[in-house]
Amino acid sequence: EAEVAQSPRYKITEKSQAVAFWCDPISGHATLYWYRQILGQGPELLVQFQDESVVDDSQLPKDRFSAERLKGVDSTLKIQPAELGDSAMYLCASSPRTGHYGYTFGSGTRLTVV
Amino acid sequence: DAKTTQPTSMDCAEGRAANLPCNHSTISGNEYVYWYRQIHSQGPQYIIHGLKNNETNEMASLIITEDRKSSTLILPHATLRDTAVYYCIIFSGGYNKLIFGAGTRLAVHP
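Chain order of the listed sequences is A and B.
Reminder that position 92 of the first sequence reads as 92 in my numbering, one-by-one numbering, no gaps.
Reminder that position 58 of the second sequence reads as 1058 in my numbering, one-by-one numbering, no gaps.
What the hints contain is simulated information worked out from the structure, not anything from laboratory work.
It is possible that some hints are incorrect.
Anything over 10 Å on all C-beta distances counts as not near chain B; from chain A, calculated [what the hints assert, rightly or not]:
(1) I26
(2) H29
(3) Q41
(4) I79
(5) D86
For lysine to aspartate or glutamate, the following DMTMM-like pairs were computed, each having C-alpha atoms within a straight-line distance of at most 20 Å [stated by the list, open to error]:
(6) K78/A - D57/A
(7) K78/A - E14/A
(8) K15/A - E3/A
(9) K62/A - E83/A
(10) K1097/B - D57/A
(11) K78/A - D63/A
(12) K78/A - E68/A
(13) K1003/B - E1031/B
(14) K78/A - E44/A
(15) K1003/B - D63/A
(16) K1097/B - D51/A
(17) K71/A - D51/A
(18) K71/A - D86/A
(19) K78/A - E52/A
(20) K11/A - D24/A
(21) K1097/B - E44/A
(22) K1052/B - E1031/B
(23) K1097/B - E52/A
(24) K1097/B - E68/A
(25) K15/A - D86/A
(26) K1097/B - D56/A
Computed from a predicted structure; not experimentally measured.
Glycine included, every Cβ here is placed at the ideal spot set by N, Cα and C.
Chain B extracted, bound-state conformation (with noise of 0.2 Å):
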């Protein structure tokens, strides 16, 4: 599966729109990016995943370049519960291994 490359660590004000961003840019056809969050002292918590269209959900919405090298993932309002960590990760599914990253930590502030 490929690789990815996430920021250390962001922050983000209460209530506005927090963009994580990730590179893959060895991803190949049938490999989805997904994503996987983990607030402190708990299991990773499944966010949303894509292809290469743009999804969105209850969550969050994700947005995947056209060349698929890269991806964002949107929180629209941050609130402070969003504070953790965020994994991006590339998947081909099937009998293959999810592979966690050390992901980007996220704090939002009041």
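This is chain A alone, in the form it adopts within the complex (with noise of 0.2 Å):
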């Protein structure tokens, strides 16, 4: 069955440095999402990407959060500075394109800052 890569598993980093996730959804899925799981909470959505580009970034923290998706297949999302409220999953899924189909999740990466 096909699944949704992400990496790495784990991270840690020290508050004010960058760190960045990597997701490849599944081969042909045009959208793909970006969440964020606070530990007890259900996962938010941070970006939506349709292909190349952006549908909706309204969640993400722009002034330190970025994400892209340049040939419309992999993506990532990059954090700088990180901060020590960044801790959580970090969770990337894909769907064939939008409409009524299920979203695959990636495992996740969960970040700890310290």
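Two chains, two frames, some hints: make the complex.
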């Protein structure tokens, strides 16, 4: 079964450092999502891509977060500088296109900022 | 998208049916009911979705009331591996967001 690949699986970084997460969606999936999940809460959407274009980044803290999907395939989410409150699970998901298709999520990157 | 109300937690004996309720009284005509689950330390997993008819797949059944104000996810024979947080989400598709609430924590016990 096709999977959404994410790396690294775990990341520990010091506050004020830069950190990046990578996501490779299922082949052919045009829509890609980045979510953040704080422990004990449901996932929160940060950014949504349709191919290489950002469709929604209204919840992305743009002063420190950036996301790109240059060729409309894999994607990178970056935080610079990291803050203690950024400690969370960062999840990537993809779907074939917008509409009523179930999203497929990756296993996530667990970020700890110390 | 409409909001949902789910119990915080439920438990179920292994081998029995798990019935997870969800209230969505403000759902509108073009909004679907989606269910996802999240097993500890994994990403959410899509289970099933429906508009107004009952749906069944290899994982679960979804029963939507006639007025569409509530629904129930049924796991017919729960196993220990079904222990997870279950999210009921109302989603209209398109470029709208899939918004997760707190979900129901289901514990399946021997």
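Going down the list of hints, with the structure as the test:
| no. | hint | verdict |
| --- | --- | --- |
| 1 | I26 | holds, 12 Å |
| 2 | H29 | holds, 13 Å |
| 3 | Q41 | violated, 7 Å |
| 4 | I79 | holds, 19 Å |
| 5 | D86 | holds, 19 Å |
| 6 | K78/A - D57/A | holds, 14 Å |
| 7 | K78/A - E14/A | holds, 14 Å |
| 8 | K15/A - E3/A | violated, 31 Å |
| 9 | K62/A - E83/A | holds, 14 Å |
| 10 | K1097/B - D57/A | holds, 11 Å |
| 11 | K78/A - D63/A | holds, 11 Å |
| 12 | K78/A - E68/A | holds, 9 Å |
| 13 | K1003/B - E1031/B | holds, 11 Å |
| 14 | K78/A - E44/A | holds, 16 Å |
| 15 | K1003/B - D63/A | violated, 30 Å |
| 16 | K1097/B - D51/A | holds, 16 Å |
| 17 | K71/A - D51/A | holds, 8 Å |
| 18 | K71/A - D86/A | violated, 27 Å |
| 19 | K78/A - E52/A | holds, 16 Å |
| 20 | K11/A - D24/A | holds, 18 Å |
| 21 | K1097/B - E44/A | holds, 10 Å |
| 22 | K1052/B - E1031/B | holds, 10 Å |
| 23 | K1097/B - E52/A | holds, 18 Å |
| 24 | K1097/B - E68/A | holds, 19 Å |
| 25 | K15/A - D86/A | holds, 9 Å |
| 26 | K1097/B - D56/A | holds, 9 Å |
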